[in-house]
Amino acid sequence: MATYEQGLAPQSGSGPAQPWVNATGALVSLSLIFGIGYWGYQLIMRDVTGIPVVRAMEGEMRVLPDDPGGDIARHVGLSVNELVAMGEAAAPEDRLVLAPRMPGLAREDLEARPMAAVDDVGEEIMQPVALLPDADAIAVPAQTMGTTVEDVLAMVAEITEAEARSDVAAMDRVPASVPGVAVSLRPILRPASLRPAPAPAPAITRASTTEVPVTTVSFATGTDLVQLGAFSSPALAAEEWARLESRFGALMNGRERVVQVSTQSSGTWYRLRASGFADRDDARRFCAALQAEGAECIAVVVN
1 MATYEQGLAP
11 QSGSGPAQPW
21 VNATGALVSL
31 SLIFGIGYWG
41 YQLIMRDVTG
51 IPVVRAMEGE
61 MRVLPDDPGG
71 DIARHVGLSV
81 NELVAMGEAA
91 APEDRLVLAP
101 RMPGLAREDL
111 EARPMAAVDD
121 VGEEIMQPVA
131 LLPDADAIAV
141 PAQTMGTTVE
151 DVLAMVAEIT
161 EAEARSDVAA
171 MDRVPASVPG
181 VAVSLRPILR
191 PASLRPAPAP
201 APAITRASTT
211 EVPVTTVSFA
221 TGTDLVQLGA
231 FSSPALAAEE
241 WARLESRFGA
251 LMNGRERVVQ
261 VSTQSSGTWY
271 RLRASGFADR
281 DDARRFCAAL
291 QAEGAECIAV
301 VVN
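Using full-length UniProt numbering, you'd call the opening residue of the sequence shown number 1 and step up by one each time.
Everything labelled a hint here was simulated from the structure, so no lab data went into it.
Note that beta-carbon positions come from the ideal geometry of N, C-alpha and C, so glycine has one too.
Hints are all accurate, no fakes.
Have a look at the derived ranges for each label pair, beta carbon to beta carbon: (1) 89 <-> 303: 38 to 44 Å; (2) 85 <-> 60: 19 to 25 Å; (3) 19 <-> 48: 39 to 45 Å; (4) 303 <-> 60: 53 to 59 Å; (5) 34 <-> 66: 55 to 61 Å; (6) 98 <-> 66: 25 to 31 Å; (7) 66 <-> 94: 23 to 29 Å; (8) 70 <-> 98: 19 to 25 Å; (9) 232 <-> 160: 52 to 58 Å.
Take these sequences, add in the hints, and give me the full structure.
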């Protein structure tokens, strides 16, 4: 009969080194936890309070290769490019080379290709044209080739007169029996005393026939003037002044004409101005009155 003993079974692998193994594992686990926590804290603090440092790279930023390769562009070496880049023309070259010849046609392009055969339909359609019945009468006899110039001119006049008579004879005339011709009214005759009135000769203005003097008197600094326009000649300026006087008679009283030469805008212009203003406000009121009527006017001050 078998006998059994009560109690716990003995633990396998238990020895004096087991506590040291457990302690070592606990220390490693704690070190790993604290290390990861510290590393995360350092990352957070670096992103918040850290100053970024940009360190310059050592060496040149761009280096021209010894053999860049590729093909040379057609515009490289032209003097016009140096003129744009440098701002001045380059010195003359020591060695000049002719440009390469442009490629011509290929050999197969120069070969003549046979043209399409011409159809003979045209020979079937073309028919000989019969001569006119009066060709013999118009043709000049062979014996007249040795005649004089007067004979030739007389023959030409005779032929021309014969053609004119044939054209008049062939003209169609409307018979008098046609109703429209029979009842049409004759135009009423004008009175015998009526004569066409001669066209009036264009009036020649004084400005176009006489020399218009240019104002050579210099005005004092601060003088108020009014500019009425700029013209290509003093005569046109005088005509504009006469037109303004006829249009604004009362307003132009007391104003003096001033024609000054200006050489701006690569040309010679004649400025039409008016003087005789008490102050700047008077000149501006004068311009406002002209502009209200559609005339051009600018108040200026002599510098």
